[in-house]
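Asker: Our numbering puts the sequence shown at residues 479 to 1063.
Bear in mind the hints are in silico, worked out from the structure with no lab data behind them. Treat the hints loosely; a few may be bogus.
DSS-like mimics (lysine-lysine), calculated; alpha carbons at most 30 Å apart, straight line [said to hold, decoys possible]:
| no. | residue 1 | residue 2 |
| --- | --- | --- |
| 1 | Lys773 | Lys1041 |
| 2 | Lys872 | Lys657 |
| 3 | Lys893 | Lys826 |
| 4 | Lys689 | Lys613 |
| 5 | Lys773 | Lys749 |
| 6 | Lys954 | Lys901 |
| 7 | Lys954 | Lys672 |
| 8 | Lys766 | Lys744 |
| 9 | Lys744 | Lys979 |
| 10 | Lys773 | Lys826 |
| 11 | Lys773 | Lys831 |
| 12 | Lys672 | Lys657 |
| 13 | Lys893 | Lys800 |
| 14 | Lys979 | Lys672 |
| 15 | Lys766 | Lys722 |
| 16 | Lys657 | Lys689 |
| 17 | Lys800 | Lys766 |
| 18 | Lys979 | Lys773 |
| 19 | Lys689 | Lys672 |
| 20 | Lys979 | Lys947 |
| 21 | Lys525 | Lys657 |
| 22 | Lys689 | Lys979 |
| 23 | Lys766 | Lys826 |
| 24 | Lys826 | Lys722 |
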Amino acid sequence: MKRNKTLAVVAGFALAGSLAACGGDGGDDNAGDGPSKFIEAGSGFEKIADATGPAPEVEGSQVGGDITVHIPLDPGPENLDPTDGWSVLGNSIQQALTHRSLTQYRRNAESGDMELVPDLATDLGTPNDDYTEWKFTIRDDATWENGKPITAEEIKFGIERSFDVENFPGTPGQEYSVKNIDCGEGYTGPYSSKPADCSGITVDGQDITIKMTRPFPDMDFWGSFMAMGPIPLEGSEPPAYGAKPLSNGPYKIQEFRPNETLVLAKNPEWKPESDPGRHQYADTWTFKFDADQEKVDAILLSDSAESQTAVSNRVGATNVSKAKDALGDNFIQQTGQCVSYLAPDYTKITDIKIRKAIAYAFDYENIWLAGGQVPNVTRIPASTIMPPGMSGRKEYQPDGEQFTFDPEKAKSLLKEAGAEGYKLSFIYDDSAPELVDANAQQVKGFEAAGFDVEAIAYQEDAYELFGNKTSPINKKLNLRTVNWCSDWPSAYTMIPPLVTKGSQYNTAFFDEQEVQDRIDEIPTLPLEEQAGAWGDLDEMIGTEYLPIIPTAYRNDLFGAGSKIGGFTGDAAMSAINYKDLYVVK
479 MKRNKTLAVV AGFALAGSLA ACGGDGGDDN AGDGPSKFIE AGSGFEKIAD
529 ATGPAPEVEG SQVGGDITVH IPLDPGPENL DPTDGWSVLG NSIQQALTHR
579 SLTQYRRNAE SGDMELVPDL ATDLGTPNDD YTEWKFTIRD DATWENGKPI
629 TAEEIKFGIE RSFDVENFPG TPGQEYSVKN IDCGEGYTGP YSSKPADCSG
679 ITVDGQDITI KMTRPFPDMD FWGSFMAMGP IPLEGSEPPA YGAKPLSNGP
729 YKIQEFRPNE TLVLAKNPEW KPESDPGRHQ YADTWTFKFD ADQEKVDAIL
779 LSDSAESQTA VSNRVGATNV SKAKDALGDN FIQQTGQCVS YLAPDYTKIT
829 DIKIRKAIAY AFDYENIWLA GGQVPNVTRI PASTIMPPGM SGRKEYQPDG
879 EQFTFDPEKA KSLLKEAGAE GYKLSFIYDD SAPELVDANA QQVKGFEAAG
929 FDVEAIAYQE DAYELFGNKT SPINKKLNLR TVNWCSDWPS AYTMIPPLVT
979 KGSQYNTAFF DEQEVQDRID EIPTLPLEEQ AGAWGDLDEM IGTEYLPIIP
1029 TAYRNDLFGA GSKIGGFTGD AAMSAINYKD LYVVK
């Protein structure tokens, strides 16, 4: 899953967060005696197809109060249109509080694990024998914030909207709806296609049937995305709708100022009995984006009135020990199935020796430290596309040993390739001191390894830049940096988005036919063979081609004040579990 700006480009451009969301078992979210090791994510979730509302009450929960969530070093979503949502931060907030879809995740209080449960659908869907058709029945008791019932026709419209590449480029629908749902060749959504209707999605009352272009056994997981949720048939034209979309969750949007603030208030039309996973404990939520890390840490550590009902989705590395001692159980080390990586442009850097030289020239630990991370806790050296804990993952090293900062080895590889003094051109975010320091360390390492470096300051959306083939800046680049999290616990959401020819998130522009053929073949294999096949493909890609260089697997550190209850992590979203938070009176 992608992330907004700094979240998307964690490895070198902005070392703060990540792009889509998801994946992994929650396990024990608390850090115990403090962060001391990397926590491995699990490989799957239990499915509770018959879960019904209301959601199980959180032990000790209370109603009322106001929660303020500080978001350091992340500007937040540019808009709130559900079809557009594919960032870890935006999805974790909206899917928890304001917008519903076919399915959802909730936290099992006994195990601490996340589990897939119904949302607007009455169950997790019914597939045919070969998973080329799925049927969902939409519940009758769910409503919009204006009191109108949610219909299957509105969900059909929402899914059709996800095909619209003009209004929603770089969104999850382009990766999963377009590739899997059979709307016919050339279909581009309800605003531009003729006919506007997708014949592969049919509605009969509150039943919706979706036909696939190929077997898609993961449709129940894909159903948890807002792009698989309802959109009003009228008054929802993009881009205006993204400023204040209609809510159908427990909270509605009171105020949204992009890159600054999002304020949510209770939605009186939300019915707890209609929702197996969400709660409506707090009166209001205020999200403050792009916050200063040191100021946020100071608030959390003060135990002032402001601190007591505050939450932060990031704890600064220099204050980890203090935060652990001060916050107790409200200090969380949360894992997710994510990987940070460097993407050398495969069309420009064609020699694998140069790509390996880049891997040895990246000053891993010093870059992480400069960027406010904790080596071997929040960041651990990576070697594979599939992160630890993912089903089918194979442990291997692309060059036979773990890539570490070794400038002399990098120089030797450049010499072998006849590329001494090779020029690397990449962007970095200069909007915060930590990001500037991390980039300076990165440049220093590359130069020590014999590279010539052009580092370009850039504060806008990196993915928008990477996809703009006419941009003068993008044309200069031959190295791009990304952080990617699985959209659900399957390598299907890790490998194809990152290395498939033409994929919007194939920022290395990798293209090898034997890899493309295998990517097309694996989803057609028996289900029990697919995980291992993805692991084998991961190893082939890394050892034979190395189109992307995994740099880090990640854990995140979250903190909350003394009057915040129900504070846990959401391993499905690699984020805070906002659904269960309440204020202690």
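Asker: Hint by hint, note whether the structure agrees.
Answerer: Now for the hints, and whether the structure bears them out:
no. : hint             : in the structure
1   : Lys773 / Lys1041 : holds (19 Å)
2   : Lys872 / Lys657  : holds (27 Å)
3   : Lys893 / Lys826  : holds (18 Å)
4   : Lys689 / Lys613  : holds (9 Å)
5   : Lys773 / Lys749  : violated (38 Å)
6   : Lys954 / Lys901  : holds (11 Å)
7   : Lys954 / Lys672  : violated (38 Å)
8   : Lys766 / Lys744  : holds (18 Å)
9   : Lys744 / Lys979  : violated (44 Å)
10  : Lys773 / Lys826  : violated (42 Å)
11  : Lys773 / Lys831  : violated (44 Å)
12  : Lys672 / Lys657  : holds (19 Å)
13  : Lys893 / Lys800  : violated (47 Å)
14  : Lys979 / Lys672  : holds (27 Å)
15  : Lys766 / Lys722  : holds (17 Å)
16  : Lys657 / Lys689  : holds (12 Å)
17  : Lys800 / Lys766  : holds (23 Å)
18  : Lys979 / Lys773  : violated (43 Å)
19  : Lys689 / Lys672  : holds (19 Å)
20  : Lys979 / Lys947  : holds (15 Å)
21  : Lys525 / Lys657  : holds (24 Å)
22  : Lys689 / Lys979  : holds (24 Å)
23  : Lys766 / Lys826  : violated (40 Å)
24  : Lys826 / Lys722  : violated (42 Å)
Figure legend: structure checked against the earlier numbered hints; hints not met, in rising order: 5, 7, 9, 10, 11, 13, 18, 23, 24.
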